[in-house]
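**Student:** Letter by letter, the chains look like this.
Number of protein chains: 2
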Amino acid sequence: MPTRRERANAIRALAMDAVQRAKSGHPGAPMGMADIAEVLWRDHMRHDPAAPDWADRDRFVLSNGHGSMLLYALLHLTGYDVPLQALKDFRQLHARTAGHPEYGELPGIETTTGPLGQGFTNAVGMALAEKILAARFNRDGFDVVDHRTWVFLGDGCLMEGISHEAASFAGTHRLGKLICFYDDNGISIDGKVAGWFTDDTPKRFEAYGWHVVPDVDGHDADAIAAAVHQALADGRPSLLCCKTEIGFGAPNKAGTAGAHGAPLGDEEIALARKQLGWPHAPFDIPDAIRAEWDARRQGGQRRAEWLGLFDGYRQAHPDLAAAFERAQAGDLPAELDAALLEFARSSQRDRVAIASRQASKAALDIIGPKLPELLGGSADLTGSNGTLWKGATMVTPDTPDAHYIYWGVREFGMTAACNGIALHGGLIPFGGTFLTFQDYARNAVRLAALMGVRNILVYTHDSLALGEDGPTHQPVEHLAVLRMTPGLHTWRPCDQVETAFAWRAALARRRAPTALILSRQKLACPERTDAQVELIARGGYVLLDAVGPPACVIVATGSEVEIAVAAAKAMNQDGSAVRVVSIPCLEMFLQQDAAYREQVLPPNVPRLVVEAAHPAPWWRIAGDRGRVLGVDRFGLSGPGDEVMAEYGFTAENVAEVARELI
Amino acid sequence: MPTRRERANAIRALAMDAVQRAKSGHPGAPMGMADIAEVLWRDHMRHDPAAPDWADRDRFVLSNGHGSMLLYALLHLTGYDVPLQALKDFRQLHARTAGHPEYGELPGIETTTGPLGQGFTNAVGMALAEKILAARFNRDGFDVVDHRTWVFLGDGCLMEGISHEAASFAGTHRLGKLICFYDDNGISIDGKVAGWFTDDTPKRFEAYGWHVVPDVDGHDADAIAAAVHQALADGRPSLLCCKTEIGFGAPNKAGTAGAHGAPLGDEEIALARKQLGWPHAPFDIPDAIRAEWDARRQGGQRRAEWLGLFDGYRQAHPDLAAAFERAQAGDLPAELDAALLEFARSSQRDRVAIASRQASKAALDIIGPKLPELLGGSADLTGSNGTLWKGATMVTPDTPDAHYIYWGVREFGMTAACNGIALHGGLIPFGGTFLTFQDYARNAVRLAALMGVRNILVYTHDSLALGEDGPTHQPVEHLAVLRMTPGLHTWRPCDQVETAFAWRAALARRRAPTALILSRQKLACPERTDAQVELIARGGYVLLDAVGPPACVIVATGSEVEIAVAAAKAMNQDGSAVRVVSIPCLEMFLQQDAAYREQVLPPNVPRLVVEAAHPAPWWRIAGDRGRVLGVDRFGLSGPGDEVMAEYGFTAENVAEVARELI
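Quick mapping for you: the protein sequence lines, in order, are chains A and B.
Just so we're aligned, residue 12 is where the first sequence starts under the numbering used here, counting upward by one.
Just so we're aligned, residue 12 is where the second sequence starts under the numbering used here, counting upward by one.
Fair warning: there could be bad hints in the mix.
Note: identical chains are not told apart, hence a pair may lie in one copy or across any two.
List of simulated lysine-lysine pairs, DSS-like, C-alpha gap at most 30 Å [what the hints assert, rightly or not]:
1. K401 with K34
2. K214 with K285
3. K34 with K533
4. K214 with K203
5. K401 with K533
6. K203 with K401
7. K401 with K99
8. K285 with K99
9. K203 with K533
10. K99 with K580
11. K203 with K34
12. K214 with K254
13. K533 with K99
Think of the hints as simulated: they come from the structure by calculation, not from any bench.
This is chain A alone, in the form it adopts within the complex (with noise of 0.2 Å):
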């Protein structure tokens, strides 16, 4: 019977040959952590290669991403569909083995990661998602919510500031089921970290409330078991500190940086084979090795055990099953769209005047009791953001079922946890800060884009007009950002009948990031026809039209439309024929069809965009002949609607700038 150690060289193995073969890559991380990787997979990880989406599973999060070679590996030998010819085409275009995991490529893959310090803060909301849902589903005798979340993370991922955050916030939410293997190498890209990282690390986390086991020998599998049987017996969060070499075999390059990010070479790679005791050729592993790592009989027959007691449980508590079932697979309440809409109409006949995050609020008053599985938060800005709704409760380590966080001054650590809650599934998660601080938040946003889920971004206080605050909080190359986003949307509505569109359509994204982004002060709603109120669904529409065709269009966004409107209104009273176009989703807008666009932007009027922000995105709307209003400084402290006007943020000067159009 093959031994542990030779299990894992089948790893090893692997990772360097796939490296040397792609010319590129990181066989380090995967050479040092094969041991550990052994005795998790082999004797823990609850997981069905045949069903990587099944609900109860494990999840694995490799967090040092850029050993990507150490999950293809695991994943091609426990039997998921990867196959061998994926792992030597490890890096080449358009194979499914890209250089870091990519979420979807591949079954088993739970996130993306690369980006340090994230792929250990998405375990983060896995974890509190599973505690979260556990709670909320289990009934005595079917624990039907019962998984762990493993996470291997290296130096990189505890140096960044996002590890703070989020094993900040596990500890304080006693997340018992998160366990983390920390590839304490003591190697880093620029050589031995000592002279640049010399945290005391377990003391750190005990100062976070976790369960840390010490000094244990990563390359020791009996080390390594006694450390995880530690931890699976605590109700705190894990860390178990490894201590390993990086590249271990590699008799030259072991222990050193030259093995974290390159090839190791033919010679060397000989080498290690000798050492290694590996005298299999490349992406030959024997077949008593192979049948060792096949988890697929094991992982069948545990998930067959699960459906069994699903099937219990759908019996004894049919509704609760039913929830779980629509919630794991994205559904939303079918009556859940009526409501919206209908608070739309009734928005639309009220006129609502209120602050933009004030209308979000009185929309998720709407959605929170309807949507069991929205999961809401900000970071410490609660009442600002407008992110608690009615009813809603605040979710404590001892009260998980519950629907609202408090994230604490954490907006990157939020963002990411709420990426991971999303992967998990069973939950939609939101989380609000001032447009701003998606600064801080930024790569995790583009994570959510990039992995495509449904990652809900509440940013208020979104423009020059927050006021008094000043530079530090007004935002104004933000609002580009996440337009330049691949794939998220962005809604920046103008009233609350827009809101509850905008929330509408982020809900029903279900693959996919969006970011809503309100208003400080108040707006006024403008009259629509229910035709009109229809259209917003399409990203943007005719709000204000001119008698006869127009000379100009005013283009404009959230708390700009009321000063357009505004100026339109006193130039079609002075015989102009100016017309207002909201533009909620320029991203939704640009997705119709070319006769509705040229229908609402008609291709010879000069146009007119008015945006309280950078206005890049602006540029080929407005086209040679017109012209944006948007803001390319930064902005001023002082009372809102003086700092708006004096960036010419008033109907007067809207008026103005179109009539030098026409």
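Given the coordinates of chain A, work out where chain B should sit on it, guided by the hints.
**Tutor:** Coordinates of chain B only, in the frame set by chain A:
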């Protein structure tokens, strides 16, 4: 004689009255930290209100910048040029007393704060700068650099991830002159932090190697003083954990989130006056208390002593004194510019063809030895970024007189600390990472631009062409967001010649940041005349011209210039008339006079812009008749040239698109 408490109450009164008058602001932190401020500013701060630029002053950073009135009150009371009227105008348009402290608006504001955690990180940079400069310039009997960095910070700063990066780094570097007061008031905006912030903060900071004084009574001047004395005696950075009551003195709102971010209200202020025993009218500070606060005489004496010391130093060490004064003034050594120009010219003569990251390293090999104030570094990508020049040695706790920092995997910490280093003066910092990971540091980049500091951002691996590492590492929207950041200049050179000009321009921008965008892959050096080489400084120029008037202009940057040149050459051979314009710095080019711009980009000739990044910044250059060949989806893992070809970045495709425009 006024008591300490009475002096502190002057701050409290000014804060609550100014916030009330402004009808917005944050009274809680100033009222809570007033007693700490009194001890620090009365007994320890070494500063001269008449000379806020004194090189050897202590630095004070209010990292919890929403408590701006605390700082404004201190500056006013101690005698800075901050008249009472400025406090009365708090948060009004064009007042210098902005909602958050804005660097440059008032003397004594050492850095712009508000975005939490960054002030603390700036301070780490300042303390590092002090340590480096002290080691470099001090001589026996002449401690010309010998000052402390004091920081106020709150729960919000400590929850932010960047606090981890900064504290870990400060611990490693044993920045013993950094002394931080943690305003441990148990309250953040959402209420009692116990629900979302349960760290054992003293233990956490001990894990970073800090000296920690726990449980200081932040309203007991003796306890505060004792803690400061412990800190002064310790060689490690110090965290003094001060238990305080937010809004101290307000009988109903103290100790609650209600005191944090809104005026207390007239009634509560009246009650607070009673409770504090402060009978004076709003903005009325009794002369006796004013006299106690006035720091001008003592500050002037201390500075005079230092000036005397420096006179002696100048006589004993004239070269050092001159070097110190030149670097403090921010002037570059006279010979540097000529050397860089010669480097550019010789690069042109030799037609050096290397990756622009390597060209940047070659430029640094020229700059480093001539510019001792250069302080380079990388966030654990030294070899990849090419940031370590020949002969540069590593700053360590024991060898601070060196020129290169291994920042570890801490992009945000690095960038914000470099802002602090630049603010401190005497050093010119730059830091490297991959362009995509600008995301992690995004808000510090923004603050560099907002403050106007010479922080040079070195971003390599600048496009899809980085290849195998895949979409998590391939920038798309990043160039655009840099270009949309007001005040930032972004250079994307196409070869070593343009790289030399990029460094030259970055160093010359004394009060603004510059981003250098560099390729992973090798780039050809195009032919240029001497005149063309000189024109690079204008940000954009004709690189290759058609015979006769062009029928089409291809604009390109960085690695796409080579492709554009090949396309144009092929087209010109086929009888087309195509011009290639290289625009390494769009912002600089747009600052040129209209005549030059039109000479380079003739108004009626169609333009094709080629850049492997999001097209938005170029839409107004391309115009209605033109096109931008850019990237508006995520990248792919694969060999770089194959990925570039997949996205249309080949000479053939560029020529094809250009032909469509003619």
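**Student:** Could you run down the list of hints and mark each one as holding or not?
**Tutor:** Here is what the structure says about each hint:
no.: 1; hint: K401 with K34; in the structure: between (57 Å within a copy, 28 Å between copies)
no.: 2; hint: K214 with K285; in the structure: neither (39 Å within a copy, 46 Å between copies)
no.: 3; hint: K34 with K533; in the structure: between (58 Å within a copy, 17 Å between copies)
no.: 4; hint: K214 with K203; in the structure: both (21 Å within a copy, 25 Å between copies)
no.: 5; hint: K401 with K533; in the structure: within (21 Å within a copy, 59 Å between copies)
no.: 6; hint: K203 with K401; in the structure: between (53 Å within a copy, 20 Å between copies)
no.: 7; hint: K401 with K99; in the structure: neither (54 Å within a copy, 39 Å between copies)
no.: 8; hint: K285 with K99; in the structure: within (22 Å within a copy, 78 Å between copies)
no.: 9; hint: K203 with K533; in the structure: between (55 Å within a copy, 29 Å between copies)
no.: 10; hint: K99 with K580; in the structure: neither (66 Å within a copy, 39 Å between copies)
no.: 11; hint: K203 with K34; in the structure: within (24 Å within a copy, 54 Å between copies)
no.: 12; hint: K214 with K254; in the structure: both (16 Å within a copy, 23 Å between copies)
no.: 13; hint: K533 with K99; in the structure: between (59 Å within a copy, 27 Å between copies)
When held up to the earlier numbered hints, the structure conflicts with 2, 7 and 10 and fits the remainder.
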